[in-house]
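Novice: Chain by chain, the residues:
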Amino acid sequence: MSVVLIKDVTKRFGETTALQGIDLVVEPGEFVSLIGPSGCGKSTLLRIIGDLIQPTTGTATVNGKTARQARMDRDYGIVFQDAVLYDWRTVVKNIALPLELASWDRRRRAAKVKEMLELVELTGFENHYPWQLSGGMQQRVSIARALSFDPALLLMDEPFGALDEMTRERLNMELLQIWQASGSTVVFVTHSIAEAVFLSTRVVVMSPRPGRISNMISIDLPQPRTATTREDAHFFELVTEVREALHLGHDLERAPA
Amino acid sequence: MSALGRRIVAWLPAVVVLVGVIALWEGLIRAFDVQAFLLPKPSEIARTLWDTRHELWTAGWFTFQEALGGFLLGSGLAILVALVLARWRILGMALLPFAIAANAIPIIAFAPITNTWFSPLNKSSKIVIAAILCFFPVLVNTLRGLTSVNPRALELMHSYAAGQAEIFRRVRIPTALPFIFTGLKVATVLAMIGAVVGEYFGGALNALGVLILTRARVFQFDEAWAGIVVACLLGLVLYVAVAIVERLTLRWLPSTSE
Numbered sequence: 017m018s019v020v021l022i023k024d025v026t027k028r029f030g031e032t033t034a035l036q037g038i039d040l041v042v043e044p045g046e047f048v049s050l051i052g053p054s055g056c057g058k059s060t061l062l063r064i065i066g067d068l069i070q071p072t073t074g075t076a077t078v079n080g081k082t083a084r085q086a087r088m089d090r091d092y093g094i095v096f097q098d099a100v101l102y103d104w105r106t107v108v109k110n111i112a113l114p115l116e117l118a119s120w121d122r123r124r125r126a127a128k129v130k131e132m133l134e135l136v137e138l139t140g141f142e143n144h145y146p147w148q149l150s151g152g153m154q155q156r157v158s159i160a161r162a163l164s165f166d167p168a169l170l171l172m173d174e175p176f177g178a179l180d181e182m183t184r185e186r187l188n189m190e191l192l193q194i195w196q197a198s199g200s201t202v203v204f205v206t207h208s209i210a211e212a213v214f215l216s217t218r219v220v221v222m223s224p225r226p227g228r229i230s231n232m233i234s235i236d237l238p239q240p241r242t243a244t245t246r247e248d249a250h251f252f253e254l255v256t257e258v259r260e261a262l263h264l265g266h267d268l269e270r271a272p273a
Numbered sequence: 033m034s035a036l037g038r039r040i041v042a043w044l045p046a047v048v049v050l051v052g053v054i055a056l057w058e059g060l061i062r063a064f065d066v067q068a069f070l071l072p073k074p075s076e077i078a079r080t081l082w083d084t085r086h087e088l089w090t091a092g093w094f095t096f097q098e099a100l101g102g103f104l105l106g107s108g109l110a111i112l113v114a115l116v117l118a119r120w121r122i123l124g125m126a127l128l129p130f131a132i133a134a135n136a137i138p139i140i141a142f143a144p145i146t147n148t149w150f151s152p153l154n155k156s157s158k159i160v161i162a163a164i165l166c167f168f169p170v171l172v173n174t175l176r177g178l179t180s181v182n183p184r185a186l187e188l189m190h191s192y193a194a195g196q197a198e199i200f201r202r203v204r205i206p207t208a209l210p211f212i213f214t215g216l217k218v219a220t221v222l223a224m225i226g227a228v229v230g231e232y233f234g235g236a237l238n239a240l241g242v243l244i245l246t247r248a249r250v251f252q253f254d255e256a257w258a259g260i261v262v263a264c265l266l267g268l269v270l271y272v273a274v275a276i277v278e279r280l281t282l283r284w285l286p287s288t289s290e
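Residue numbers (the numbering used here), protein chains in the order written: chain A, 17 to 273; chain B, 33 to 290.
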């Protein structure tokens with residue numbers, strides 16, 4: 017069963033058509049990146065999958081259920097560009113929040129939070145408040161929180177967009193390790209071509225006005241990926257391929273209809 | 033330097049200013065031989081404070097109870113109403129303009145009316161005035177706090193399938209707390225004003241406002257001033273009490289932690 021099944025989705029905000037005729041299937045264990053210029057509707061598509069907004073027409077199915085039912089069943093974890101930590105909660109309590117809402121008992125929560133802290137390498141920062149952490153650490157807490165309840169699907173909206181290049185590359189590596197360890201499916205929105213190619217099993221190229229999918233590129237780089245993957249000749253070929261697809265989408269937009 | 037030492041150093045400038053102002057006041061009155069009915073010397077006020085301490089204490093305690101009652105009643109109601117208005121936004125949109133308009137009314141002008149509704153000798157008449165004074169700033173601040181939540185934080189809560197009650201308990205109310213305390217601190221000052229000024233329009237003989245008024249009428253200005261000092265101190269007590277609770281509650285804010 018596909019994790020995500022988007023069928024002929026259109027989304028309009030007033031006069032603006034944010035998305036038009038979107039069809040997308042994501043299979044279990046895939047890491048799919050949505051890439052495209054601003055205004056191509058990639059974040060909107062992510063929000064439709066997460067049932068944070070509803071499509072104007074068409075359907076979104078997650079794990080064989082309506083997106084709404086999947087949300088009520090806590091089938092996905094979400095990470096935004098900002099960590100969106102709750103300032104009044106310590107690191108531990110931020111990670112535990114979804115577990116509290118899912119009525120996990122105290123002992124089970126503590127064990128899971130400990131496991132998550134180890135996963136994102138934040139052991140020792142249990143009782144820090146968000147303002148005491150660097151941007152990269154905050155985002156790691158946010159990821160730990162999204163993964164804490166073992167969601168089948170991870171939705172990430174430019175999660176590393178606000179971080180410096182060094183931190184971003186390190187978190188890319190960590191994310192890949194987490195993805196492989198947890199076996200979850202990821203839908204990832206990004207502006208960065210290199211990031212999309214490095215992380216993904218498939219890159220979905222989108223173009224704006226109206227937002228639509230203009231290309232899909234399979235990333236057949238071997239797993240697991242490492243720091244040397246970024247220096248691989250095939251990595252550069254794929255980066256070029258995605259870049260050309262993006263420009264093609266851009267040119268299409270300019271061509272008379 | 034120890035934490036206590038740092039704290040003393042932090043307070044030192046304010047203490048120097050206070051002592052300086054009192055010394056200047058004393059000195060100027062002596063130098064220009066100002067009549068006591070215009071402005072008594074601080075030393076005289078201090079002496080009167082001591083001489084009439086039992087009477088002042090009784091009067092102060094009486095008025096403080098009115099202020100405290102009004103503060104608790106008005107602020108408590110305001111927080112409840114704000115929660116309701118934030119939960120059902122349509123109610124908020126219908127009523128908030130009136131709350132803001134009512135906030136601009138000089139509510140103290142209603143003191144003679146509440147004095148007739150309840151007996152002027154009854155504490156209730158001052159409690160009601162103090163409560164109405166406290167109500168609006170707390171309402172407006174609380175409501176602003178409850179509705180100024182990061183939309184992403186709400187989306188996250190939706191993604192955890194949280195209901196409205198959970199969202200209020202775990203996100204809206206914690207977000208609103210700093211706003212609520214700002215409102216409460218304004219309210220402490222207003223509560224004391226409401227109680228004392230309410231008593232100017234008539235109140236029990238052992239009330240602070242009545243004491244200040246009657247002493248001023250018979251030219252016992254040192255006693256009137258002593259009463260004013262007590263009113264200031266009691267207002268400060270209420271304010272500091274709220275500030276301490278704020279500090280203990282908002283430990284997670286960088287500005288309130290050491």
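The hints are simulated quantities; they were obtained by calculation from the structure and are not laboratory data. Hints should not be assumed to be uniformly reliable.
As the list claims (entries may be wrong) - Here are the in silico distance ranges between beta carbons for each label pair: (1) A:Q148 - B:I40: 22 to 30 angstroms; (2) B:V48 - A:W147: 27 to 35 angstroms; (3) B:N182 - A:G45: 28 to 36 angstroms; (4) A:H144 - B:E87: 48 to 56 angstroms; (5) B:A275 - A:W147: 49 to 57 angstroms; (6) A:Q148 - B:T246: 52 to 60 angstroms; (7) A:M189 - B:L280: 49 to 57 angstroms.
Unchecked claim - From chain A, some residues computed to sit far from chain B (all C-beta separations above 12 angstroms): (8) T32; (9) R63; (10) D67; (11) T77; (12) F96; (13) D103; (14) K130; (15) S158; (16) M189; (17) G199.
Said to hold, decoys possible - Here are the simulated lysine to any residue pairs, SDA-like style, with alpha carbons at most 25 angstroms apart: (18) A:K128 - A:G74; (19) A:K109 - B:R184; (20) A:K81 - A:K109; (21) A:K109 - B:F211; (22) A:K23 - A:L117; (23) A:K109 - B:Q97; (24) A:K81 - B:R201; (25) A:K130 - B:T246; (26) A:K81 - A:W147; (27) A:K109 - B:I199; (28) B:K155 - B:T207; (29) A:K23 - B:E187; (30) A:K109 - A:D166; (31) A:K109 - B:K155; (32) A:K128 - A:T77; (33) A:K81 - B:Q196; (34) A:K130 - A:T82; (35) A:K109 - B:R283; (36) A:K109 - B:K73; (37) A:K128 - B:K217; (38) A:K109 - B:T246; (39) B:K73 - B:P183; (40) A:K130 - A:P53.
Note that the Cβ used here is the ideal one computed from N, Cα and C, for glycine as well.
Novice: Check the structure against each numbered hint from earlier and tell me which ones fail, lowest number first.
Specialist: 5, 7, 9, 10, 12, 13, 15, 18, 20, 22, 23, 24, 25, 26, 28, 31, 32, 34, 36, 37, 38, 39 and 40
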